[in-house]
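Chemist: Residue-level listing of the chains:
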Amino acid sequence: MTNVEQAIGGPVVGRQGNYAGAVSRLVAFAADIGISWGLYSLGVAGVTLFTSLVSGHSFSIAKHRLLALVVVVVWEFIYFTYQWAVSGKTLGMAIFGIKVVSAEGAPIGFKAATIRTITLPISIFFFGIGLIGIIVQRERRAFHDLCAHTCVVYAWDARAARLRWLAKNDPATPAHGS
Amino acid sequence: MRAPSGATGAPDAARRRVMTPSVPRPDRLAQAIAEQVVKVVVDALDINALLARIDVSALLDRVDMNEVVAKIDIDELVARLDVDALISRVDVDALIGRVDVNHIIERVDVDQVVARVDVDQVVARVDVEAVVDRVNVDKLIASVDIDKLIEQTELGSIIARSTTGVAGEVLDVVRAQGVGLDDFVARWSARILRRKPGTLPLGPPLLVGRTKEPVAAIEASGGTT
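Going down the list, the sequences are from chains A and B. Start counting the first sequence at -2; every next residue gets the next number (the working numbering). Start counting the second sequence at 532; every next residue gets the next number (the working numbering).
Worth flagging that the hints you see were computed from the coordinates, not collected in a lab. Ideal placement from N, C-alpha and C gives every residue a C-beta, glycine not left out. Hints are supplied without guarantee of correctness; some may be wrong.
Said to hold, decoys possible - Partial list, computed: chain A residues near chain B (C-beta under 7 angstroms):
| id | residue |
| --- | --- |
| 1 | Gly14 |
| 2 | Ala19 |
| 3 | Val20 |
| 4 | Ser21 |
| 5 | Phe93 |
| 6 | Gly102 |
| 7 | Ala103 |
| 8 | Ile132 |
| 9 | Arg135 |
| 10 | Val150 |
| 11 | Trp153 |
As the list claims (entries may be wrong) - Pairwise CB distance ranges (calculated):
| id | chain 1 | residue 1 | chain 2 | residue 2 | range |
| --- | --- | --- | --- | --- | --- |
| 12 | B | Asp664 | A | Ile121 | 53 to 61 angstroms |
| 13 | B | Val704 | A | Thr48 | 42 to 50 angstroms |
| 14 | B | Gly729 | A | Ile115 | 31 to 39 angstroms |
| 15 | B | Gly729 | A | Ile121 | 28 to 36 angstroms |
| 16 | A | Trp72 | B | Leu671 | 44 to 52 angstroms |
Taking the hints into account, I'd like the entire structure generated from these sequences.
Modeler: Laid out in structure tokens, this is it:
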């Protein structure tokens, strides 16, 4: 059995709907921070370019720290709240195959998404004490999950992934592009 | 010389009627005697004793039943028969109770019966949709070993042509590695917290409590990844 088969097969199959673990969640969160920061940078660059083209003056938001902070906070709030409310997952969570649902397992709405976004910084501050619940709590819920009455589950269809892997390694399968 | 008979005929006949008394004729007498004798005999006869002495079996043996039956007009007999009334008097349950069905079935040549069946006609009368409606498709699919199916059929190549490329495969591996690391962390945390394996809930009740909900609920709320 190859490493890939070991990774995709076996215990991973059938985990859809189970509580997601700490590693997947933290890596997904890190990916979200990177993506949101990248989008913010692109947005700031676009606004700076547009302003300089329209007014002829160069404008840098870095020179206005308070404004930059407010924009960052608002952007992050929109980034997380909107995506959680609409699909239950951010871009980072989608990449790593996890999603936010209510404690019972139902999709969450704008209210829960908003509470979760507001309380997320509280979980991260104070040395991430609020995130310890992901490891020690029975349902792997962090502080912001408890506040918003949510939890995070695997939404990744590992069974389909295993089928794709099996199909690709079928001797009868022609190579891609052929 | 004798006188002609025509001259003396009428007085002779009259004389004969006067001389002969009214005596019954012999045949009538015999008839009357016979009737009296039969009456006396019948009165004196014990019919039951007589019938008891008759050997009915021997009598029937002397009867040619085929000849008797041949003279019967069966059609007319059946036409006069009230079949409904006849059947209503039959205790069908008692009749069936006396039948050894197993013995009858053992004597049936099933192959010969089946050979006479027009299977096409039978199939044409089957309501296939009604049959399919009664099939539990979910249970049927759950019993299929899909891994084995793909390994043994051309289904693999079909799936491969219709799914994602290298990026998707990398994503699958990364996710699977993430799940593996999650399990590693969960095992160690359970060991440190002295939790027994299998005592923690797997997931939210709506997603793991029932068989169908995980996929259905997740797809309904945004699709699978």
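Chemist: If a hint holds in the structure, say so; if it does not, say that too.
Modeler: Hints, verified against the model:
1. Gly14: Given a least distance of 3 angstroms, the restraint on glycine 14 (chain A) holds.
2. Ala19: Check passed: Cβ of alanine 19 (chain A) comes within 5 angstroms of chain B, closer than 7 angstroms.
3. Val20: holds, 4 angstroms
4. Ser21: holds, 4 angstroms
5. Phe93: Cβ of phenylalanine 93 (chain A) sits 6 angstroms from chain B, so the hint holds.
6. Gly102: holds, 3 angstroms
7. Ala103: holds, 6 angstroms
8. Ile132: holds, 5 angstroms
9. Arg135: Holds, because the Cβ-Cβ distance from arginine 135 (chain A) to chain B comes to roughly 5 angstroms (cut-off 7 angstroms).
10. Val150: holds, 6 angstroms
11. Trp153: holds, 5 angstroms
12. B:Asp664 <-> A:Ile121: 53 to 61 angstroms: At 54 angstroms between Cβs, range holds.
13. B:Val704 <-> A:Thr48: 42 to 50 angstroms: holds, 44 angstroms
14. B:Gly729 <-> A:Ile115: 31 to 39 angstroms: holds, 36 angstroms
15. B:Gly729 <-> A:Ile121: 28 to 36 angstroms: Cβ of glycine 729 (chain B) to Cβ of isoleucine 121 (chain A): about 32 angstroms, so the range 28 to 36 angstroms holds.
16. A:Trp72 <-> B:Leu671: 44 to 52 angstroms: Holds: the Cβ-Cβ distance is about 50 angstroms, inside 44 to 52 angstroms.
Checked against the numbered hints listed earlier, the structure breaks none of them; every hint is satisfied.
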